[in-house]
Amino acid sequence: MIADIPILSMIVFSPLLGLLAVALLPKSYAHYAKWIAFGATLIPLGLTLWLYAAYDAGTGGTKYAELATWVNASLNKEFLGDVASYTFKLQYQLGVDGLSLPLLLLTTVVASMAALASVHIKKRRKSFYLWFLVLEVGMLGVFLARDLILFFMFFELTLIPMFFLIGIWGFFGREKAASRFLIYNGLGSAIMLVAFLLLVVTAGFQVEQTGQQAVQLSYSGSYDVLLRNFADPNAYVNLVPDAVQGGTPFYMSESMRWTVFLLLLAAFGIKLPVFPFHTWMLKVHVEAPPSIVMVHSGVLLKMGAYGLLRFGIFLFPAQVESFSFVLALLGVINLLYGAILAFVQKDFKLVLAYSSISHMGIVLLGLASLNGIGLNGAVIQLVSHGLISALLFLVVGSLQERAGTTDLQELGGFARSMPFMSGILLAAGLASIGLPGLSGFVGELLALLGLYDTQPALTAVAVLGIILSAAYMLRSVLAITFGQVQERFTTFRDARLVEAVPMIVLLALIVLIGVYPAVLTSPLKHSFDFLLGQLSGGGDS
Amino acid sequence: MSPDTVSNELAPLSWADAAYFAPEWILLAFFILLAVLDLFLARSTSRAVIGYLTLTGLVASMGAVLWRLIDRDQAGSGEGEPVADVIRLLADSYRIDDFASMLKLVFLAAAALIVLMSLGTVKQEEVPNRGEFYYLLLPAVVGAMMMASAGDLITLYVGLELLSVTTYVLVGLRKREVKSAEAAFKYVVTGGIASAFILFGMSYLYGLTGATNFGAIAQAFQSQQAIAAPELLYAGLFLLLGGFGVKIAAAPFHAWAPDVYQGAPTPITAFLAVVAKGASLAAMFRLVFSIGFFASAPGWPIADDIFLLLLVLAAAAMIVGTTAALVQRNMKRLLALSGVANAGYLLIPIGLSLQDMHASNTGEFGFYLIAYMLMNIGAFAVVSLVERSRGEELLGGFAGMYHRAPWTAIAMLIFLLSLAGLPVTGGFFGKLFILLGAAQSGAYWILAVMVASSVISYYFYFAIARQMFMRSLGDDTPIPVPVTTGIVIWICAALTLVLGIVPTPLLSWMNEHISIVTDLLVR
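First to last, the sequence lines map onto chains A and B. First residue of the first sequence? That's 1 in my numbering, and the numbers climb one at a time after it. First residue of the second sequence? That's 542 in my numbering, and the numbers climb one at a time after it.
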């Protein structure tokens, strides 16, 4: 039976095959490392595609779920009286649902394309691909982990390879950028760990009756356990201490719920990034090698939004509901701030970096709407922006390799020497500003439609940002493709095959989502039912 | 032995009881034997043979501790009783229990790894008396073991002094080096003052209770209902805390550590960082838990204050240690300051006190101590290699290590990840368990401080990684790795990873076997 195969584990860890092969590659064959790594990224891509095809939104992903106890460490129970066992449980728990699945697909696609785009990497190729594959394992794990501590470990696992990928293979200011990346994200994950531990010792506490008298007590970070306990009015997390004889340390008071929610918001806000925590990502966008920026902007930023949705919003619907205005406000600030600053940048990479901030603002708007349309819009926007920014940085990498700069004042007139690449750049730019028929449009439209139901005033302001995005994106893209023709640029070769293939693939997906968004929305169909049921207004989709 | 009621009469040591001291006897016998051997060996003979014999002694002693541990476990495996009675020697002044045995194993293993690592890296011209270098470690370990087993203030103090005095000598062994002499002098002075403070603090405890045994002190406190002069108790506790604060190098009592760590021969630095620190922490642990809960006086929340004070000390150590390390360019000084922060982490399980739902203090402490031992000794072994090839131990010496010794660089990366508390290493789970304990106890502020200090520490741990992997020195001549040092590095790296992947057995063993009431508390 197919369900018996641990397909999710295979997806997460298959890049390790490539890692092993690259590590064992003799030095004189180092130039093959790229193809091995690319091949290794195709395995999770293929498996994910298969999973996508086989996924049934009606039954959800429960049949693919994997559960094994990794750590089951006894705690000291000598003061607890008659207790069979008292343990801290860390589950190796993977699961997939309509929310994980699109992001999983995004990760595998972007990773494969980035592996191809890494042709520009000239030094220490073997190490580059080793770190790259570790990074992919981390990213895949983040979207599939269903245990808080496991999620945290995968999240940290992306940190270490990114530090080295930026610091060794980046541009001039690479080491500073790597350090700043590490400290900001380290801070984010530290805040996340605090929030998770508070959840583990309250909502993660479980009492299981086994046999006649024996009671098994355990702390667990399992997402299912948390959801179950939060939903159960008789779980310790919901029992006011007065109701239990002798008090209980497991009760989560209203203020504690708020604290944990705000901690999660801060933790994932740094990753997203939410203004004013965005400075680290500008440096990364400018200094990291382009193929790594593809991954960073395409996938890593999405981990922030995913975490916020999965842990912040799903676990604390009541808090989110009364906080939705602030969330929407943060989204509008991101949207406008990013758009306005993108307009005045001189470096194309910075234009794109600020544009990312702006687009992540739209994701926040979709989340803040707290209705089916808006949440769907947020997820589509995540995937769409992941694809678009990966494509844009792919082109940027090729441009930079040829021209040696990304300064807008120096670039210009590429349409003549490189018609293909200019066309792709133009298409990506149009997708980014939300042209109908391309993926950006669907996400923005749904997110704003959703928000209009709840916060019409803010929606009106947000639309202003959309107009601005057209202005800044067209300004820079048109300047590069058509602007002043520079003499030294006329001899450039157009895209090579290894550059053209990922460009075409990414653009094809952008068009596909644009004309047929159901490919994303159909697995999403029932993913928000549970959340919408929890909200006081009830769901409408 | 093991009378039902603790008597303060000093019973003579019977021959049967003497057998319980086997681990200590073995070390002392080897010490005397090797001291004599060193005298008679020809000057030209390599002292490595003494090193190997020291190693043999340490391993034999480890065997003896392990044998006793297993023997007691089996003796108690009958119905009802999970563990046999604690062995109390000399009127409960010397205890053989699981807490002590676990720590003894850690100290012995640490010393063995340190001896093994020195065999490859300590040069004749650097340490003129290499024989002393090895066999003086034996009485130092005996001192540490006594501190782990001590149930009495006097025993504790004797162990402490035995450890301190031998390490004073060991620090100054690089006779021709000005730095080493300076370090030894600083260490003697601050160490001596700290010992005096500890002794002075003990005298207050004795004055208030008329007893030196931990259990007897606790009983006296209990029978007094209210202590006549709580101020005096506080004075004594402050003195003890200050004295032990110096010994474990917790801020604000840490100023000696960078100088001494820098001046001492690198393996001795590792010994100070792991064994000397661990022994003092263990002694504090037992002392505070044994007497902390029983002192009471109206209007004076004595127990709360003691534990709060420990947490404050821990917080200060974590904050000061990590921030001071940010600007440090010398590796040994940097690891000294990192050790200050780690002393803070290790103080947390002690300061968390006990709650119904949280009594895993010994497990948290022991697990992190073992993870700390592995990563620290490993890191010091790598530092000693760099020091040997470059003649200095500045951070810049690590530049281009990835090209010069790729495997060692990878091992060092494992140690750094563990020190920074990143998965999948022993350091990660060590910190996670301590954090979990803090969350269970509701001590959220210390949780926040510990997490913040870990993040700040990323900066300097990864600065080393940056040197190793991103910088280049120009010359790519390989760094020679002596076999013994290489073995130590890879034992430490492998075990660090093992603890990061399967932490369950170790933590479960400690939490199931080391009971707070029967093993830790002296009653």
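None of these hints come from the bench; they were simulated from the model. There's no promise every hint is true.
Below, computed lysine to aspartate or glutamate pairings styled on DMTMM-like, alpha-carbon distance capped at 20 Å [claimed, not checked]: (1) A:Lys27 <-> B:Asp1017; (2) A:Lys63 <-> A:Glu175; (3) A:Lys77 <-> B:Glu933; (4) A:Lys77 <-> B:Glu1053; (5) B:Lys716 <-> B:Glu928; (6) A:Lys176 <-> A:Asp224; (7) B:Lys716 <-> B:Asp626; (8) B:Lys716 <-> B:Glu933; (9) B:Lys720 <-> B:Asp579; (10) B:Lys727 <-> B:Glu702; (11) A:Lys122 <-> A:Glu175; (12) A:Lys77 <-> B:Asp1060; (13) B:Lys664 <-> B:Glu772; (14) A:Lys123 <-> B:Asp1017; (15) B:Lys720 <-> B:Asp800; (16) A:Lys77 <-> B:Glu772; (17) B:Lys664 <-> B:Asp1017; (18) B:Lys720 <-> B:Glu667; (19) A:Lys122 <-> A:Glu401; (20) A:Lys176 <-> A:Glu410; (21) A:Lys126 <-> B:Asp626; (22) A:Lys123 <-> B:Asp1016; (23) B:Lys727 <-> B:Asp614; (24) B:Lys664 <-> B:Glu718; (25) A:Lys77 <-> B:Glu702; (26) A:Lys123 <-> A:Glu175; (27) A:Lys63 <-> A:Asp529.
Take a look, some chain A residues computed to stay more than 12 Å from chain B by CB distance [to be verified]: (28) Gly39; (29) Leu90; (30) Phe261; (31) Leu329; (32) Leu426; (33) Phe530.
Simulated restraints on C-beta separations [as the list claims (entries may be wrong)]: (34) A:Gly533 <-> B:Arg1012: 21 to 29 Å; (35) B:Val1024 <-> A:Tyr29: 28 to 36 Å; (36) A:Phe13 <-> B:Asn871: 38 to 46 Å; (37) B:Asn871 <-> A:His120: 49 to 57 Å; (38) B:Arg1012 <-> A:Trp50: 40 to 48 Å; (39) A:Gln216 <-> B:Asp846: 30 to 38 Å; (40) B:Pro1023 <-> A:Tyr29: 28 to 36 Å.
Note that CB positions come from ideal geometry on N, CA and C, so glycine has one too.
message: Hint check: lysine 123 of chain A vs glutamate 175 of chain A, CA-CA at most 20 Å. Holds or violated?
response: Answer holds: lysine 123 of chain A to glutamate 175 of chain A is near 16 Å, not above 20 Å.
| field | Distance restraint between lysine 727 of chain B and glutamate 702 of chain B, which requires alpha-carbon spacing of 20 Å or less | value | holds, 16 Å
task = Below or equal to 20 Å on CA atoms is what counts here, so check lysine 664 of chain B against glutamate 718 of chain B.
result = holds, 13 Å
For the pair we were handed, lysine 720 of chain B and aspartate 800 of chain B, check the Cα-Cα distance against 20 Å. Within the cut-off at roughly 8 Å; holds.
Problem set entry | Given pair status - aspartate 1017 of chain B, lysine 123 of chain A, alpha carbons within 20 Å | holds, 16 Å
- Cβ distance range 40 to 48 Å for arginine 1012 of chain B and tryptophan 50 of chain A, holds or violated: holds, 44 Å
field: Distance restraint between lysine 77 of chain A and glutamate 772 of chain B, which requires alpha-carbon spacing of 20 Å or less
entry: violated, 35 Å
>> Next pair to validate is lysine 716 of chain B with aspartate 626 of chain B; report whether the Cα-Cα distance is within 20 Å.
In response: violated, 48 Å
Problem - Hinted pair lysine 176 of chain A and glutamate 410 of chain A, Cα distance within 20 Å - result: violated, 26 Å
- Task: Take the C-alpha atoms of lysine 716 of chain B and glutamate 933 of chain B, compute the straight-line distance between them, and say whether it is at most 20 Å.
- Result: holds, 17 Å
Hint check: lysine 27 of chain A vs aspartate 1017 of chain B, CA-CA at most 20 Å. Holds or violated? holds, 17 Å
message: Holds or violated: the 30 to 38 Å window for the beta-carbon distance between glutamine 216 of chain A and aspartate 846 of chain B?
response: Given about 36 Å between the Cβ atoms, the range holds.
In terms of the numbered hints stated before, the structure departs from hints 2, 3, 6, 7, 9, 13, 16, 17, 20, 21, 23, 25, 29, 34, 37, listed from lowest to highest.
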